[in-house]
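Chemist: Listed below, chain by chain, are the residues.
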Amino acid sequence: MDSERHQQVCKLFETAVELEGNARLEYLDLACREDPRLRNEVGSLLQYHDEQTLIPLAAIPQVSVSLKPLVSRSATPSRKGRSIRLWLSRPIASIAPRPMLVIIVILTMCLALLGEWVHQGIERSLRQSLETQLQTLLQVDVAALENWIDFEDARVERWAQNEDVRRAIGQLVQISEKPGASRDALLNSAALKELIRLMEPLHSQQTNLGFTVISRAGKAVADDNLQFVGAETSPEGGPYLRRILLGETILSKPSPEGIYTVGIEPDYDNLLMFVASPVANNEGDNIAAMVLKFPADEKFTQILSLAQLGETGETYAFDRLADVLSDLRDPQAVKAAGLFFADSLPGHTALKVQLRDPGGNLTAGYRTDRPSISWPTTKMATLATAGHDGSDMIGYRNYLGIPVLGAWRWLPKYDFGVATEMTVKEAYAPLRYVHWAFGGLLSLLGLLFGFVLVTSLSHLRLHREVGATTQLGEYTLKELIGQGGMGKVYKAQHALLRRPTAIKLLDGIEADRETVLRFEREVQLTSELTHPNTIQIYDFGRTQEELFYYVMEFLPGLNLEELVAVSGALPVGRVLHLLHQICGSLAEAHQRGLIHRDIKPANIMVCDRGGVFDVIKVLDFGLAKSSQSDQQLLITGPQQLGGTPRFIAPERIQDPSTLDPRSDIYSLGAVTFFLLTGRHVYTGKSTADLLYQVMNVVPERLNHISAVDVPQELDELVAACLAKTPEDRPESIDAIMRKLDRLAKTLPWSQADALRCWETAIQSKYPMCTQP
Amino acid sequence: MCQSEATILLKALSAGNRTGANRLMELVYDHLRQVAHRYMSRERKSHTLNSTALVNEAFLKLVGQDRVDWQNRSHFLAVASQAMRRILVDHARTRNREKRGGGKPLISLEDALTLAPGRNADVLALDEALEKLAKLDEIQAKIVEMRFFGGMSVDEVAEALGMAKRSVERKWTSTRAWLRRELEN
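Protein sequence lines, in the order shown, are assigned to chains A and B.
With the first letter of the first sequence counted as 1, position 441 gets the number 441 in my numbering; the numbers rise by one all the way through.
With the first letter of the second sequence counted as 1, position 128 gets the number 128 in my numbering; the numbers rise by one all the way through.
Hints were generated in silico from the structure; no laboratory data involved.
Be a bit skeptical, because a hint or two may be false.
Stated by the list, open to error - Facing chain A, from chain B, some residues (calculated, C-beta under 10 Å):
(1) Ser-174
(2) Arg-180
(3) Glu-182
Unchecked claim - Per the computed footprint, the stretches of chain A lying under chain B, defined by three or more beta-carbons under 8 Å from a beta-carbon of chain B, are:
(4) 2-8
(5) 11-17
(6) 37-48
Cβ coordinates follow ideal geometry from the N, Cα and C atoms, glycine included.
Turn these sequences into a full structure, and let the hints steer you where they fit.
Modeler: What follows is the structure in structure tokens.
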């Protein structure tokens with residue numbers, strides 16, 4: 001297509017597009033009579049005609065049309081030629097806290113997993129190393145013990161096989177076996193003297209070593225302590241003797257009596273042990289046992305306590321009955337725990353303590369009524385005495401009830417077991433550092449999480465209410481600045497204009513067609529209000545979540561409720577000044593047939609506008625209220641009302657749908673009363689009380705209240721405003737304004753006065769923004 | 001000194017003296033490119049900036065509000081629109097060559113172009129369409145350039161082109177339809 005043709009098509013299009021329906025068709029038919037292709041060209045261009053855009057917005061993804069504006073009334077310079085609307089801007093990404101939270105949660109989980117992994121790894125390797133340590137120690141102890149036993153065995157065998165010793169013993173056995181042989185015969189025999197002489201070197205080897213010779217009949221035929229010569233062996237000695245006579249060299253367990261019973265008191269503090277070996281005659285028959293005796297607490301215990309692990313590790317021997325055979329590491333603790341059989345010195349524990357599990361930690365104060373004999377043997381003792389060697393790296397309770405790790409071995413040859421144990425607490429102490437380290441890290445993360453959560457709480461709240469975005473049309477919601485019965489107010493900013501705005505999101509309004517229309521109408525009416533003391537409405541609409549919202553001036557300042565809370569009752573001059581402005585705002589609204597319906601101190605802001613102080617802004621003109629919510633006003637609880645009925649005219653309580661400007665006048669009277677006295681007209685405790693008082697009780701006159709001094713005329717004006725029936729009230733706002741003007745002449749209020757008040761207020765407390 | 005030079009050039013241009021046109025273009029182009037590049041390289045993806053804002057800012061920087069009358073301003077904006085187009089197209093070519101050709105361009109043409117990284121393919125598509133349009137109707141292409149890249153109002157376009165506002169409006173309507181068809185097909 002050439003340029004000329006194009007321009008021709010465009011010209012036809014330009015004319016056609018301004019025509020409607022049939023007129024357009026007729027025009028095209030006429031203009032393109034001779035050229036159907038031209039007609040097609042123009043037609044195709046017309047298909048692409050669009051008032052606003054090149055491509056319908058619906059076809060454009062991610063465009064910021066997240067709301068359905070009822071009317072686009074943005075009070076921006078967009079009305080003029082060059083619009084600054086951003087029709088293609090993506091919604092400015094809200095700095096969502098969610099990714100941060102997710103990161104922290106993931107981090108926490110990773111750290112927890114890592115912690116668990118490290119913990120398990122350390123625990124596993126620690127357990128292996130502990131097991132090795134305990135087993136090694138046990139082996140070393142057992143080996144040392146066996147070494148020593150071998151040495152003692154060899155010694156006793158050497159003596160038993162000595163020719164001279166055998167000869168002397170043979171003679172002694174013969175003497176003892178003669179019928180009617182007496183003890184004296186043995187004592188006086190040359191053989192005994194000879195044997196004692198022969199055995200002399202034994203004492204030089206080890207001072208506390210003694211010997212006994214027991215004949216095959218079980219009688220002591222020789223002893224270095226002569227008083228035992230001729231004594232009979234104890235019943236426990238019997239089995240030992242049989243084994244010896246069968247040719248075995250044996251080691252006895254520690255015992256309080258040694259090999260004798262007769263004539264000896266059992267001595268638990270000085271246990272004895274012995275090794276014994278058979279003595280053969282020349283024919284090779286075993287005729288006696290050579291017994292070497294020594295105290296148990298010397299070698300035996302010493303060897304077992306040679307190597308001890310850490311602070312709590314101990315190695316000890318125990319017998320089949322789970323009696324402890326050697327001394328324990330901490331006898332004091334054992335005695336303190338009340339485990340000793342006898343009331344004896346705490347020095348030795350062998351044969352005084354049994355390996356029984358008390359069921360709880362005795363050192364930590366655990367006590368049980370059950371007799372210790374009924375306690376089960378410890379896990380270690382149970383397994384060991386059953387012949388199962390092994391170890392436990394998880395932990396079990398020992399004889400004191402303390403959780404311990406242990407390795408143990410049963411030595412069947414000597415009929416006792418050896419165990420080495422260590423408390424779990426000490427063994428796994430390194431893990432505690434790991435716990436602390438990771439616990440610290442986790443709690444740090446927790447703190448961080450909490451911090452982010454708190455700082456983003458407002459964001460989250462916004463997300464919940466406004467949906468996934470904090471963007472309402474061209475407004476970016478910032479922080480929540482107020483919350484009323486009807487909805488929440490957020491500070492917001494227009495995408496391009498720097499002017500801060502406040503956006504009120506109304507909840508609880510059902511979006512049926514009628515409500516939408518009423519809301520629309522009310523906002524339109526309100527936005528037409530131009531009085532400087534009426535808050536300006538910039539824009540309104542509905543979010544995707546069907547929440548109504550409207551955009552208004554952002555007002556830094558206090559509402560009257562807060563003002564009275566900060567400053568107390570206000571001077572009459574100032575009240576007149578404020579009232580005058582409220583009346584101005586109401587007068588314009590009433591003239592347009594708009595009734596506020598919710599005049600109360602919280603709905604009236606006192607602001608500093610461009611350096612002018614005490615500027616009133618009346619908020620919430622009938623916007624939030626439908627007849628439905630009016631009814632809710634009375635049936636919902638007092639918490640939700642927030643004291644609203646204090647300012648409601650009696651006729652509106654009777655019939656909430658009443659629309660009478662004089663209801664606003666009543667509320668105005670109540671507000672004036674509140675400002676002048678710092679308290680409410682009625683002071684009923686419950687909502688029901690209040691409602692009754694509003695309906696029936698004649699309000700107190702201002703001049704009857706002490707500490708309040710108002711001109712007679714003002715007193716009468718307030719009383720008139722608060723009249724129960726609308727007919728008794730001033731007929732219009734204008735009438736009130738006239739009276740106020742007269743009064744103001746006698747009680748002027750200057751900017752200087754206002755400034756003084758503001759400075760006081762700022763000094764005490766100045767909430768930057770409170771917009772209900 | 002830039003400010004006075006631009007002002008002098010602009011006044012000469014408005015008086016019909018076209019000798020300084022290239023120099024003015026150079027000044028505007030340099031300034032706009034600097035600002036736009038700084039803006040586009042620094043800002044995050046989600047941020048957008050209206051080209052109107054940039055062009056107007058350039059005017060304030062280079063000329064100043066008080067020194068020239070309204071006609072001069074329109075001429076300046078016309079020059080700036082052209083510069084803006086060159087900047088955006090250059091930027092799109094260097095940054096986003098590989099992304100060309102996929103899908104339909106997401107352009108709307110009501111007032112001004114939004115500078116958003118990621119829009120490059122659209123800019124290129126539009127530029128291509130404008131080249132084509134310029135061959136068919138120079139004035140139409142000029143109008144689009146001013147409206148789109150300079151964010152100029154119909155009044156300003158009319159002033160800059162020395163046309164009646166009504167004619168600009170009509171041409172603007174047909175151009176939109178044509179562009180719409182061109183871009184969608």
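Chemist: With reference to the structure, classify each hint as holding or not holding.
Modeler: Structure-based check of all given hints:
1. Ser-174: Where the cut-off is 10 Å and the nearest Cβ of chain A is about 4 Å from B/Ser-174, the hint holds.
2. Arg-180: Because about 4 Å separates B/Arg-180 from the closest Cβ in chain A, which is inside the 10 Å limit, the hint holds.
3. Glu-182: holds, 9 Å
4. 2-8: With 4 residues close enough to chain B, the hint holds.
5. 11-17: holds (count 4)
6. 37-48: Our answer is that it holds, as 5 residues pass the Cβ test (under 8 Å) against chain B, meeting three.
Hint compliance for this structure: no hint is broken.
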